[in-house]
Amino acid sequence: MLHLLSKDSLTINALAENFDMSRPAVSKHVKALHNAGFISIQDLGRERHCILKQDGFKALQKWLEYYDQFWGDKLNALGALMDKHHKK
Amino acid sequence: MAKVIQHQLFYPHPPQLVWDYLTKPELMAQWLMQGNIQPVVGHEFTLTAKPMPEMEFDGTFYCKVLEVEPFTKLSYTWQFGPGDGSLYDSTVNWSLTEKDNGTELLLTHNGFETLVNMALFNSMQAGWLQHITKILTILNTEKNGTTPA
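Residue numbers (the working numbering), protein chains in the order written: chain A, 1 to 88; chain B, 1 to 149.
Here chain A stands alone, though its shape is the one from the complex (with noise of 0.2 Å):
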């Protein structure tokens, strides 16, 4: 699945001719990937697409060093609150 959505989006429909499962089994598997973050589901007109999530590893990494320096930033502020409002 995730190997025909690495060439195009395509509707759930259209995926599911590719397999020889039954529509609702394709739902099923399409609703694991999505909950597992590598697809994303647009609702266009009347059909489902699913479009697959590309740099995995952009996206990884993007969200650690905004972790990194977020955290930092509000561990500082938590510090400058405490040592404002309370004597040490």
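The hints are simulated quantities; they were obtained by calculation from the structure and are not laboratory data.
The structure presented is a predicted model; accordingly, all values stated were derived computationally and were not measured.
One or more of the hints may lead you astray.
[What the hints assert, rightly or not] To give a feel for the contact side, a few chain A residues facing chain B, derived at Cβ under 7 Å:
(1) Phe-38
(2) Ser-40
(3) Gly-56
(4) Leu-60
(5) Asp-68
(6) Leu-81
By construction, the Cβ of each residue, glycine as well, lies at the ideal position given by its N, Cα and C atoms.
Once you have looked at the hints, place chain B on chain A.
Frame of chain A; chain B shown alone:
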């Protein structure tokens, strides 16, 4: 790449005070975010931040308290996503140690498995993708703490 974020800071304040700033909504809002946190295992709360479309983030962190040891230990899940229902997992862990008339605070933010798995999948060659079910099984087994044969 390290998949764990860690920050250790020393504050010249007692653990009880630091604990309050970690667990009382009105105090937490002053340095972290707005959110109805309660130091009760199983309690669910959300934290509200600014959406970041470039990061595919809708501005809400979904949390559930996992562990509470008053003035010592606190951990909660920390999920985030683009707002389409899919969420990335992670866990935020706080550890407080009384030291030199103050508190050593250790933050560990880890458990980014869903982001890591996505990265792994995206880096795979097309041929690998045919074995996706097999690989998923192995990843899930590792996540559950057992080593695959």
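Evaluated hints:
1. Phe-38: Holds - the Cβ of Phe-38/A comes within 7 Å of chain B, reaching about 6 Å at its closest.
2. Ser-40: holds, 6 Å
3. Gly-56: holds, 3 Å
4. Leu-60: Check passed: Cβ of Leu-60/A comes within 4 Å of chain B, closer than 7 Å.
5. Asp-68: Check passed: Cβ of Asp-68/A comes within 5 Å of chain B, closer than 7 Å.
6. Leu-81: holds, 5 Å
No hint from the list above goes unmet by this structure.
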